[in-house]
Amino acid sequence: MKTIVTATAVLAMLAGSVLAEENRQLEGRKGQFNILALNVGILGGMAKGAMPYDAEAAQAAADSIVGVSMVHQATLFPEGSDSMSIDDTRAQPNIWDNFSDFESKWAALGDAARNMQTVAATGQEAIGPALGQLGGACKACHDTYRAPE
Amino acid sequence: MRWPRVLIPVAVIAAGAAWWLTAPGTVTAEHYEALTGDAEHGQWLFTAAGCASCHHAPEAKGEDRLVLAGGQAFASDFGTFYAPNISPSASGLGSWSLLEFANAVTQGVDDAGRHLYPAFPYTAYTKMAPQDVADLYAYLQTLPASDVASKPHDVGFPFNIRRSLGGWKLLFFSDDYVMPENGNARGRYLVETLAHCGECHTPRNALGGLDKSRWLAGAPNPNGKGTIPSLTPDKLDWSAADVAYYLETGFTPDFDSVGGHMAEVVDNFAKLSAKDRQAVAAYIKALPAP
Chain G
1 MKTIVTATAV LAMLAGSVLA EENRQLEGRK GQFNILALNV GILGGMAKGA
51 MPYDAEAAQA AADSIVGVSM VHQATLFPEG SDSMSIDDTR AQPNIWDNFS
101 DFESKWAALG DAARNMQTVA ATGQEAIGPA LGQLGGACKA CHDTYRAPE
Chain V
1 MRWPRVLIPV AVIAAGAAWW LTAPGTVTAE HYEALTGDAE HGQWLFTAAG
51 CASCHHAPEA KGEDRLVLAG GQAFASDFGT FYAPNISPSA SGLGSWSLLE
101 FANAVTQGVD DAGRHLYPAF PYTAYTKMAP QDVADLYAYL QTLPASDVAS
151 KPHDVGFPFN IRRSLGGWKL LFFSDDYVMP ENGNARGRYL VETLAHCGEC
201 HTPRNALGGL DKSRWLAGAP NPNGKGTIPS LTPDKLDWSA ADVAYYLETG
251 FTPDFDSVGG HMAEVVDNFA KLSAKDRQAV AAYIKALPAP
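As you go down the protein sequences, you meet chains G and V in turn. Residue numbering for the first sequence follows the UniProt record's numbering, starting at 1 and increasing by one per position. Residue numbering for the second sequence follows the UniProt record's numbering, starting at 1 and increasing by one per position.
Hints should not be assumed to be uniformly reliable.
Which bits of chain G does chain V cover? Going by a derived footprint, with three or more residues having C-beta under 8 Å, they are [stated by the list, open to error]:
no.	segment
1	40-48
2	125-135
3	140-147
Since the hints were derived computationally from the structure, they do not count as laboratory data. Beta carbons: idealized from backbone N, C-alpha and C, even for Gly.
Can you make the complete structure from the sequences, with help from the hints?
Quick look at the structure:
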């Protein structure tokens, strides 16, 4: 009896730690997308004219986007963390069928981010086109790899 | 059971009437005879109508999306439809006349006189002006040819009987607009006719007809899990500027980005003018709550 109880307890603990690990990865990847959205929001607000252009703030936002784009994605997207396997994610299972394509789409975000980083402080009119490239990188990946809500 | 003799002619007449009623309708030839297509305006129509989004090959990227080889699958409650090859080749529309093209686009009838499935949104395109159909036809001729054969639809009985679509059309096929013009003819033409927004954003009844009393009020995603969002004011609280900006950049007001099939729709709208996007936004903001 004791053995069964112990074994069950150990298994439960293991399952708990696997779950906790999964949550950290999920929170990590959602967090990075939130950081992206917040900073793209600053640049977008300036491009739309909804907020006054500020070269320093634009540069800081662009730098932050570059920072996020440097995060290695494989760490945050382990096998089995797709929308069919777990709750609270829209990551489509096909990510893991085409992981190198998924990573190259993330790399395209990096290219767009570095372009934004170069032009963000040069003036309000430079933001729109650079934002277009950034948005294109978001779309290209979401088009294929993110499930609808 | 033997039928009372008197009912036999009634049954024959009813069957004849049903056959006649379900016959594929065609456009009036005179409306098209004198028309010359303007391919340049056709390109605008092609973009606004999103032809390539469904007719490009499944994995095509960039310029390859102008090769309208078909092959993308569209799941529905009635079976899976495959977009056909509509490139100017023998496997596509190479031999089609303008009149045949107009019948397909605005009446849902192919070159052999058979009903087309309404997975092809002729239910929206039926409101296209004949000159616009001619312009679109002219533009399609300028695109690259592909010899890829069209894939047959995977549709079970009774939906595989094309004549039954005649009955479906009697019930659900109309060239009436849903919304009044409201001084925004361009926005209405873009939303209800060309961009055929209602095809995904409006829920359908059990027979696959659009429930126009819940026009653009959101619907389940026919391609799998999730929903297509509502555009009506009880749900969508974006400003007109937000809608126009979304259609240009793919960014929501929270700077989340567009995904799924809508990403291709945004790619198309981004190529139209700011005025076109504003007209669509004005139409959306004028929608009533369902």
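These are the hints, each one checked on the structure:
1. 40-48: Per the Cβ count (4), the hint holds.
2. 125-135: holds (count 3)
3. 140-147: As far as the segment 140-147 of chain G goes, the hint holds, because 5 residues have Cβ atoms under 8 Å from chain V.
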